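Following the hints, complete the assembly by docking chain B onto the known chain A.
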Amino acid sequence: MLIRFFTLVFLVLAFTATSFAQGADPKSLFDQLADANFNAAEKLVADIAATGDPRVVPALEAFASGDLYFRKADKAVFVGKEQGSELALTDPVTAEAAGEVAKGAVTKIRVNNNLRRAIRAALGGLTLMSPDRSARLSAADAILRSPSAEALELVEAALAQETDAEVKARMEEARAVSLLSSDRSIDEKRAAIETIAGLGAGGLGVLNSVAGTIDPSLKPDLDKAIASIQNAQQLWNLAQNVWYGMSLGSVLLLAAIGLAITFGVMGIINMAHGEMVMLGAYSTFMVQQVIRDNAPGLFDWSLAIALPVAFLVTGAVGFVIERGVIRFLYGRPLETLLATWGVSLILQQAIRTIFGPTNQEVGNPSWMSGSFPLGGMTITYNRMWIIVFSLTIFFALLFVMKKTAYGLNMRAVTQNRRMASSMGIRTPWVDALTFALGSGIAGIAGVALSQIDNVSPNLGQSYIIDSFMVVVFGGVGNLWGTLVGALSLGILNKFLEPSVGAVLGKILVLVLIILFIQKRPRGLFALKGRAVEA
Amino acid sequence: MSFKAKLGGALLAAALSTTAFHGAFAADDTIKIGVLHSLSGTMAISETTLKDAMLMLVEEQNKKGGVLGKKLEAVVVDPASDWPLFAEKARQLISQDKVAAVFGCWTSSSRKSVLPVFEELNSILFYPVQYEGEESSRNIFYTGAAPNQQAIPAVDYLASTEGVERWVLAGTDYVYPQTTNKILKAYLMSKGVKEEDIMVNYTPFGHSDWQTIVSDIKKFGSAGKKTAVVSTINGDANVPFYKELGNQGIKAEDIPVVAFSVGEEELAGLDTTPLVGHLAAWNYFQSVDAPVNAEFIKTWHAYTKNDKRVTNDPMEAAYIGFNAWVKAVEAAGTTDTDAVLDSIIGVAVPNLSGGTSTVMPNHHITKPVLIGEIQADGQFEVVQETAAVVGDEWSDYLPDSKDLISDWRKPMECGNFNVATGKCGGKGS
Numbered sequence: 001m002l003i004r005f006f007t008l009v010f011l012v013l014a015f016t017a018t019s020f021a022q023g024a025d026p027k028s029l030f031d032q033l034a035d036a037n038f039n040a041a042e043k044l045v046a047d048i049a050a051t052g053d054p055r056v057v058p059a060l061e062a063f064a065s066g067d068l069y070f071r072k073a074d075k076a077v078f079v080g081k082e083q084g085s086e087l088a089l090t091d092p093v094t095a096e097a098a099g100e101v102a103k104g105a106v107t108k109i110r111v112n113n114n115l116r117r118a119i120r121a122a123l124g125g126l127t128l129m130s131p132d133r134s135a136r137l138s139a140a141d142a143i144l145r146s147p148s149a150e151a152l153e154l155v156e157a158a159l160a161q162e163t164d165a166e167v168k169a170r171m172e173e174a175r176a177v178s179l180l181s182s183d184r185s186i187d188e189k190r191a192a193i194e195t196i197a198g199l200g201a202g203g204l205g206v207l208n209s210v211a212g213t214i215d216p217s218l219k220p221d222l223d224k225a226i227a228s229i230q231n232a233q234q235l236w237n238l239a240q241n242v243w244y245g246m247s248l249g250s251v252l253l254l255a256a257i258g259l260a261i262t263f264g265v266m267g268i269i270n271m272a273h274g275e276m277v278m279l280g281a282y283s284t285f286m287v288q289q290v291i292r293d294n295a296p297g298l299f300d301w302s303l304a305i306a307l308p309v310a311f312l313v314t315g316a317v318g319f320v321i322e323r324g325v326i327r328f329l330y331g332r333p334l335e336t337l338l339a340t341w342g343v344s345l346i347l348q349q350a351i352r353t354i355f356g357p358t359n360q361e362v363g364n365p366s367w368m369s370g371s372f373p374l375g376g377m378t379i380t381y382n383r384m385w386i387i388v389f390s391l392t393i394f395f396a397l398l399f400v401m402k403k404t405a406y407g408l409n410m411r412a413v414t415q416n417r418r419m420a421s422s423m424g425i426r427t428p429w430v431d432a433l434t435f436a437l438g439s440g441i442a443g444i445a446g447v448a449l450s451q452i453d454n455v456s457p458n459l460g461q462s463y464i465i466d467s468f469m470v471v472v473f474g475g476v477g478n479l480w481g482t483l484v485g486a487l488s489l490g491i492l493n494k495f496l497e498p499s500v501g502a503v504l505g506k507i508l509v510l511v512l513i514i515l516f517i518q519k520r521p522r523g524l525f526a527l528k529g530r531a532v533e534a
Numbered sequence: 001m002s003f004k005a006k007l008g009g010a011l012l013a014a015a016l017s018t019t020a021f022h023g024a025f026a027a028d029d030t031i032k033i034g035v036l037h038s039l040s041g042t043m044a045i046s047e048t049t050l051k052d053a054m055l056m057l058v059e060e061q062n063k064k065g066g067v068l069g070k071k072l073e074a075v076v077v078d079p080a081s082d083w084p085l086f087a088e089k090a091r092q093l094i095s096q097d098k099v100a101a102v103f104g105c106w107t108s109s110s111r112k113s114v115l116p117v118f119e120e121l122n123s124i125l126f127y128p129v130q131y132e133g134e135e136s137s138r139n140i141f142y143t144g145a146a147p148n149q150q151a152i153p154a155v156d157y158l159a160s161t162e163g164v165e166r167w168v169l170a171g172t173d174y175v176y177p178q179t180t181n182k183i184l185k186a187y188l189m190s191k192g193v194k195e196e197d198i199m200v201n202y203t204p205f206g207h208s209d210w211q212t213i214v215s216d217i218k219k220f221g222s223a224g225k226k227t228a229v230v231s232t233i234n235g236d237a238n239v240p241f242y243k244e245l246g247n248q249g250i251k252a253e254d255i256p257v258v259a260f261s262v263g264e265e266e267l268a269g270l271d272t273t274p275l276v277g278h279l280a281a282w283n284y285f286q287s288v289d290a291p292v293n294a295e296f297i298k299t300w301h302a303y304t305k306n307d308k309r310v311t312n313d314p315m316e317a318a319y320i321g322f323n324a325w326v327k328a329v330e331a332a333g334t335t336d337t338d339a340v341l342d343s344i345i346g347v348a349v350p351n352l353s354g355g356t357s358t359v360m361p362n363h364h365i366t367k368p369v370l371i372g373e374i375q376a377d378g379q380f381e382v383v384q385e386t387a388a389v390v391g392d393e394w395s396d397y398l399p400d401s402k403d404l405i406s407d408w409r410k411p412m413e414c415g416n417f418n419v420a421t422g423k424c425g426g427k428g429s
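Chains as they are written, first to last, in the numbering used here: chain A, 1 to 534; chain B, 1 to 429.
Isolated chain A (complex conformation) (with noise of 0.2 Å):
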């Protein structure tokens, strides 16, 4: 432990002498980026984070996200913090404060992509050994993304020193990753190997990338662990592929569950479903305008403030259209269609003329960005998110149906009017009622699409063609039919998509569902007795 500790202390002086003795001094190397081009700012930015100094640390991450500026009058480099119209300095290495001065009198210094993976990996070899564990963590997860043979003894001192378990693991990898263009023993990357074998598909970039290059005694070695990973790998696609038909799946129960209830339980062909599924887009965006005004510190509970706000809003532009159009046109289908459809095209032109044409910015919340991995699948937090709602709407809207006094209305309604309505049901008031609740949902439907799609004029067109096909495959009139077509399309969909492509897989999941409906018309779960010939 102690030979170690002196190693290691050993390792920091050498590192922190060389550096001075090449008599560079950070606050210098920062002013020379002011004429640098991409090139030889690549070189400085190896030049600062040759200088061992952690008071840069800060400096170059403001760098990669583009706050580093220079003083137009003498050139010299400064971080700039926006404040209003004017820019706050802060000196790059003592970070002290040096006045405000307005935009024009500073220039930014570009940067690039080849810069921006310079800055990071300088970044990580300064940061290894940083106090804070997550800056060590990003540092290792830094040097394990853009790996170099340079990093490797600053990882192995760093190494010697962690206590950490899931940090020195991460370190252990980054090793590796390092080790592989060193110059170090076969044993040593042999072990190297076996390592990254364990980092799944990440490591396979890696592995790949020497093997043109690597000692012809550790080909098999190599070939093994690649081989090993396509193995595992070649499971959990399998598992990704269900996950994304789930996910693909929830979309579609989501966008067709709203018109499960106006075409499939009232029979109404809606064609401006579509269109209120746009509403609660737009309601959302209106929500989150509102909020980024007024109150920025509730955008992460914006979504949940849209939610009840799509429904009132959809839920009476559906009422509007139910008593409006709709209720003189029971009966007389193909003039339901063409009229609905007239209204679908009303809205899009109004949400246009108001918003105007273009996409609106609906931001997500930071719990539904972002991604993480479980096994070899990577699954993102906006998709799981919506298949969650997408069943806690779907269980909701069937509890409503079964289980409440209104539901049991519905279903008297809809299944025999002329009976209901002698034991004292008001029908017309449930039709309004029903289409409006459909309406809603479908608005409810456009809080959560609108954080996977754009929010243009056009959402509902994409929608409508899906939506009524998941309701006529899975059997008009029926709920649970919704659902199990909804997910077996999805997923049928995403089985297609890897072989034959997504033009061509959409194409078959299209043929197939019309060969289905041809041997039975009435679709996965169809309704038995009455109330099919009503």
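The hints are simulated quantities; they were obtained by calculation from the structure and are not laboratory data.
Note that this is a predicted model, so its numbers are computed, not measured.
Don't take every hint at face value.
Negatives, chain B to chain A, calculated, CB over 10 Å [claimed, not checked]:
#	residue
1	L39
2	G66
3	K185
4	K191
5	K225
6	A268
7	Y303
8	G346
9	G354
10	T386
11	A388
12	I405
13	C424
Below, in silico cross-link-like pairs of lysine-lysine (DSS-like), each with a Cα-Cα straight-line distance of 27 Å or less [what the hints assert, rightly or not]:
#	chain 1	residue 1	chain 2	residue 2
14	B	K219	A	K219
15	B	K308	A	K224
16	B	K225	A	K43
17	B	K226	B	K182
18	A	K72	B	K298
19	A	K108	B	K298
20	B	K298	A	K103
21	B	K185	B	K225
22	A	K43	B	K32
23	A	K168	B	K251
24	A	K108	B	K308
25	B	K219	A	K224
26	B	K225	B	K182
27	B	K185	A	K506
28	A	K103	A	K75
29	A	K27	A	K103
30	B	K32	B	K327
31	A	K219	B	K327
32	B	K219	A	K506
33	B	K226	A	K43
34	B	K194	A	K103
35	B	K225	A	K224
36	A	K506	B	K218
37	B	K305	A	K103
38	A	K224	B	K194
39	B	K32	B	K305
The beta-carbon is built from N, C-alpha and C at its ideal position, and this holds for glycine as well.
Chain B in isolation, oriented as in the chain A frame:
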């Protein structure tokens, strides 16, 4: 029954509202020009901006005294993203409204639909959008980028600066991406890229579920060679594509995406923080540092009364086309089609990136190629700018078209002269 009539009326009104609104009857002291951009339907998202830009250019020109001492008047029609309707509306503009020239179209399908109309009625169309090339018409001026003014320099940049060796060509399934990818594939293979290092992928219009494709790209990129995506994904499909890239953690430093259809306008609907570093290739970016551009942006913000409205490349192409037409009309002293077609070749007008663009005999223009990286504020940072490039209508990398050139000056007057056989009429129109 009366309700039915009412409903019919409402539907009719709706239908009318989505079609045309005409300018007032023109007096003799005005010159009419047509604006043929979709204001409704799927393409309205992109084309409405161009209609606004055209109206602004007309207004500015009138402030300067119009053309030939006459006021300009824009006749705006709405072809509603419906390709056959473009041809109908073009015919209406030329025959009924008697416009001197038409500025319009966005998709190649709409341009192909109106091409015979312009040739038959002998009028002029200025087409302001980047396209796949392989076309040259006596009556059309292509002020957007040809593949060699956008796609090929972008690929060169990635190969030389970022050392990319493996390519994903991802596009929407229609004529522009298909042809561009064909050219790019031939070009890459001529540069020694192996077939197995190129992955071509097509998706339907408006594709919104990118999970499988993004994870395929990730897999393709793990072969140990630097990988990049060349995206000809069109319009609405881009937002979900970039969202999925961001969510699956693909950073520009790992697998950069260079896009040919993503500009400031498309990024406006997107949080660009996770996309910083992805690239686009255009001939103009709003962030270009040139006095003429600053002036243009100022005018645009004043005209739209909205200082958040962005400018983009097709707007610059419309600006160049409009100014070239004005200059040609003034040189010819008339708006007569044949005279303008003669006088416009060689006309040089300032472009918005600080240089000049010249109308070439092949009805394409010269302009520089800019490669930009997406920034966190939704703008692009120019990382490379070439000298002005002449638009090449017939690609040199496709076996069918490599011998073809186009020259509309007399005496050649040919859109597809075959230099190998020495005859006009090598292929196509």
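Going down the list of hints, with the structure as the test:
1. L39: violated (8 Å)
2. G66: holds (30 Å)
3. K185: Label holds. Min Cβ-Cβ 16 Å, cutoff 10 Å.
4. K191: K191 (chain B) is indeed farther than 10 Å from all Cβ atoms of chain A, at 20 Å.
5. K225: The claim is violated: K225 (chain B) sits with its nearest Cβ about 7 Å from chain A, within 10 Å.
6. A268: Given that some Cβ of chain A is not farther than 10 Å from that of A268 (chain B), nearest at about 6 Å, it is violated.
7. Y303: Non-interface label on Y303 (chain B) holds, nearest chain A Cβ at 15 Å vs cutoff 10 Å.
8. G346: holds (36 Å)
9. G354: holds (17 Å)
10. T386: The assertion about T386 (chain B) holds, with a minimum of 16 Å to chain A.
11. A388: Label holds. Min Cβ-Cβ 22 Å, cutoff 10 Å.
12. I405: Fine: 34 Å to the nearest Cβ keeps I405 (chain B) off the interface.
13. C424: C424 (chain B) is indeed farther than 10 Å from all Cβ atoms of chain A, at 37 Å.
14. B:K219 to A:K219: Holds - the C-alpha atoms of K219 (chain A) and K219 (chain B) are around 22 Å apart, at most 27 Å.
15. B:K308 to A:K224: Between K308 (chain B) and K224 (chain A) the Cα gap is close to 56 Å, so the pair fails against 27 Å, i.e. violated.
16. B:K225 to A:K43: holds (23 Å)
17. B:K226 to B:K182: holds (22 Å)
18. A:K72 to B:K298: Judged against 27 Å, a Cα distance of about 24 Å means the pair holds.
19. A:K108 to B:K298: holds (22 Å)
20. B:K298 to A:K103: This hinted pair holds, its Cα atoms lying about 18 Å apart.
21. B:K185 to B:K225: holds (18 Å)
22. A:K43 to B:K32: violated (58 Å)
23. A:K168 to B:K251: holds (25 Å)
24. A:K108 to B:K308: holds (22 Å)
25. B:K219 to A:K224: holds (19 Å)
26. B:K225 to B:K182: Status holds; Cα separation ~22 Å.
27. B:K185 to A:K506: Roughly 26 Å separates the two Cα atoms, so the pair holds.
28. A:K103 to A:K75: At roughly 14 Å apart (the allowed maximum being 27 Å), K75 (chain A) and K103 (chain A) satisfy the hint.
29. A:K27 to A:K103: holds (22 Å)
30. B:K32 to B:K327: holds (16 Å)
31. A:K219 to B:K327: Measuring from Cα to Cα gives roughly 68 Å; hence the hint is violated.
32. B:K219 to A:K506: holds (23 Å)
33. B:K226 to A:K43: Roughly 21 Å separates the two Cα atoms, so the pair holds.
34. B:K194 to A:K103: Cα-Cα ~48 Å, so violated.
35. B:K225 to A:K224: holds (20 Å)
36. A:K506 to B:K218: Cα-Cα ~23 Å, so holds.
37. B:K305 to A:K103: holds (24 Å)
38. A:K224 to B:K194: Holds - the C-alpha atoms of K194 (chain B) and K224 (chain A) are around 25 Å apart, at most 27 Å.
39. B:K32 to B:K305: Holds, at about 25 Å.
Hint compliance for this structure: hints 1, 5, 6, 15, 22, 31, 34 are broken, all remaining hints hold.
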